[in-house]
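**Q** Sequence:
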Amino acid sequence: MRMQSPIVRRQSRKIMVGSVPVGGDAPISVQSMTNTDTCDVSATLAQIQRLEAVGADIVRVSVPTMEAAEALRHIRAGTRIPLVADIHFDYKIALKVLEYGVDCLRINPGNIGSLERARRVIEAARDRNVPLRIGVNAGSLGKELLRKYGEPNAAAMVESAMRHIDILDACDFQDYKVSLKASEVFMTVAAYRLLASQIEQPLHLGITEAGGTRSGTIKSSVGLGLLLMDGIG
1 MRMQSPIVRR
11 QSRKIMVGSV
21 PVGGDAPISV
31 QSMTNTDTCD
41 VSATLAQIQR
51 LEAVGADIVR
61 VSVPTMEAAE
71 ALRHIRAGTR
81 IPLVADIHFD
91 YKIALKVLEY
101 GVDCLRINPG
111 NIGSLERARR
121 VIEAARDRNV
131 PLRIGVNAGS
141 LGKELLRKYG
151 EPNAAAMVES
161 AMRHIDILDA
171 CDFQDYKVSL
181 KASEVFMTVA
191 AYRLLASQIE
201 QPLHLGITEA
211 GGTRSGTIKS
221 SVGLGLLLMD
231 GIG
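Residue numbers (the working numbering): 1 to 233.
Don't read these hints as lab results, they were simulated from the structure.
Model, not experiment: these values are computed from the prediction.
Accuracy of the hints is not assured; some may be wrong.
What the hints assert, rightly or not - For each label pair, taking beta carbons as the anchor points, the in silico distance ranges come out as:
no., residue 1, residue 2, range
1, Ala46, Phe186, 35 to 41 Å
2, Ser5, Asp127, 36 to 42 Å
3, Arg73, Gln198, 35 to 41 Å
4, Gln174, Gly231, 19 to 25 Å
5, Gly110, Met33, 36 to 42 Å
6, Lys14, Gly78, 27 to 33 Å
7, Glu123, Gln11, 16 to 22 Å
Note that beta-carbon positions come from the ideal geometry of N, C-alpha and C, so glycine has one too.
All chains, full assembly: derive it from the sequences and hints.
**A** Right, here's the structure in full:
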């Protein structure tokens, strides 16, 4: 006799990362990230192919410079897997990779300068039907939040995310997902649970700096397992 799953999945908005649906009733997708120098196009493409071969649905690529953005143009031409461009602080790089056909931007709107710069990136993404990913990391919270909370914790992570979300809301942009990552498993779980009750967007799950193969597998399994049992993800 087949048992019915006790998991009740959280209702969330569905977005499309290239051809891969994320959120809503879509199957759980797997994303990984390259650790090559993005400017080395052949090495990056080779790693993307290896990731795809072992089951990755989406691949994130770091784009810290305009040179890396130019390299991403060639990487995009060399693979069909959906690509997420990891942008740090330069809105011009974000605009450039959107021109080159990236499928998602990992970018925090509050970190790229003025509201006008954020608005330009958001509108360019909207024009191309490209979603954004807000990524909050416990290890890089703003000084103001650390003063307020005393140390990194789940509430501080969620407040950081909501500040970026407020910018997207001000631009009436809803096609985004959010990640809240910490190396401490239960802080990560608490942060996701808290945010899950406040927004309708899909949540991108992960444990940052989880360690080597053994410890990383254990920490990720515990953290992701708890959240998936909650129907979050």
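**Q** For every hint, state whether the structure bears it out.
**A** Against the structure, the hints come out as follows:
About 37 Å separates the C-beta atoms of Ala46 and Phe186, a value consistent with the hinted range of 35 to 41 Å. Distance hint for Ser5 and Asp127: a CB-CB separation of about 40 Å, consistent with the stated range 36 to 42 Å. Evaluation of the 35 to 41 Å hint for Arg73 and Gln198 yields a pass: the beta carbon distance comes to about 37 Å. For the hinted restraint 19 to 25 Å between Gln174 and Gly231, the CB-CB distance of approximately 21 Å keeps it satisfied.
Range check, Gly110 to Met33: Cβ separation about 22 Å, and the 36 to 42 Å hint is violated. Between Lys14 and Gly78 the CB atoms are about 28 Å apart, so this pair conforms to the stated range of 27 to 33 Å. For Glu123 and Gln11, the hinted distance range of 16 to 22 Å is not satisfied, since their beta carbons lie about 28 Å from each other.
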